[in-house]
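These protein sequence lines map, in sequence, to chains A and B.
For what it's worth, our numbering labels the leading residue of the first sequence as 1, then goes sequentially.
For what it's worth, our numbering labels the leading residue of the second sequence as 1, then goes sequentially.
Don't take each hint at face value.
[Stated by the list, open to error] Facing chain B, according to a computed beta carbon distance under 8 Å, are these residues of chain A, among others: (1) E41; (2) L57; (3) D168.
Read the hints as simulated data drawn from the structure, not as lab findings.
Computed from a predicted structure; not experimentally measured.
Think of the CB as a built atom: it goes at the ideal place given N, C-alpha and C, for glycine as much as any other residue.
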Amino acid sequence: MDKNVILGVEGLNLYDRAGNQLVKDVSLSLRAGETLGLVGESGSGKTLTLRSLIGLLPEGIREKCAARRDNPNCAMIFQNPMSALDPLCPVFRQLCEVIELRQKTNPAETRARALALIRRLSLPEALADTDRLPGSLSGGQCQRLLIAMALSCDPEVLLCDEPTTALDVTVQKQVLALIRELQRERGFAILFVTHNLAVAAQVCESLMVMRQGEIVERGPARRLLTAPCHEYTKALTGAILPVPEREA
Amino acid sequence: MDAVLELRHICAGYGDQPVLEDVSLVIPRHRVVGLVGESGSGKSTAARVAAGLLTPTAGEVLLDGQPMAGRRSKADCRKVQMVFQNPEGSLNPKHRVGRALEDAMVFHGTATRGEAREKARRLMARMELPADAPDRLPRSFSGGQKQRIALARALAVEPELLIADEATSALDVSVQLKMLELIRALKSERNLTILFISHDLGVIRYVCDDVVVMRAGRVLEAQPADAFFRRPQTEYGRELLDSVPRIDF
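So here's chain A without its partners, still in its complex pose:
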């Protein structure tokens, strides 16, 4: 594998307990600052591939690969922000715990860093004084909080698994804009898994399309969406129901 690759795998195969092959000969690699989208429909193996990269495979999945490059400095955000947080622990405290654990900071510094992140992600600063449980925040706020936790590790790679699928469109737009801005500011690489081509196009420079455990096409986002080669990519782009811009 190229020495510039900071996270990647070659010839990845995944099988379930019954021996069914779920992912077939998938190779992918990320270089510093690269943004890559992994697009496919349900059951295509995109989430499993992502999880394999950070050793988060569910129990019972067997894995074989030719080569891989692990990176301890990955952070991940998930589809359902509510279930990724501890429902019984106030959110500011959860954020502080992550910072303390990863950065080994003293309490005063932990608090200062947490506050800075809260501000950067436009979350209410009042959380630092009157902390609240995840249940009393909106879905969009919970996802911002999870992004804050992910950033608190100063990741080299941010893995995103359908991070806006559970959010309303107006909130989705804000979260996507935020991820883009932060990527530019901090220069981390992104691996973005989604079923939505239009969402992938907002964040990623290059895309990979998966179907039934295989990668059927990969390339720069613009080329792939405007001039798809594989039949399946064509079917996917053809199924997008466009909403034209409104009149000004």
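Add chain B to chain A, keeping to what the hints say.
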């Protein structure tokens, strides 16, 4: 205007949690009315009131011009049928799927037991399901097929109004497109009247004649779909349209 269903100044909620506040909505005959809004805006609650599944605390529901009060009669129940987001919930896992259609037809008297089998078979064939589909169990179908079976079940009793509540939201895009094409074709074949609920504006634009926007339990605007997509009347309508992720190179 001939309206199949009309909600007038409806207030409704669950327990002491109010959801709908003064919602008025007209569904004209032979039109597809799209109901859009974000989660928690009250779209599904409005649908439940329309279907008679939830009794409003204030306001009036008119079905075919008749006010509905208290429990609906069997005849009125037939007139409004629903398709939900999750087709699993509409099908008995132990019954062959044809039976879901046949039982509904016999119950509502739109066919005798003898006729029902043939009618169910024809309807399911129209939904582009395999010929042996009526005799199979729900688990042998894909999500998209199950949703088409749920649609066939709803249409089997010849409703005046079909309510589709996020009926394609759980489907993959290519499967969703097939289902939407089917709904569009059936609409003109059978002169259907549909209340189509979705949070996806692309889907709404593809199937709907009219658009109603809800937010926080209220109706903000209602106008023909072309007009809405060109010139939304409210700030929130504009925000919704501007938030749709687009592929623009």
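*asked:* Which constraints among the numbered hints does this structure fail? Numbers only, ascending.
replied: Per hint list: single violation, 2.
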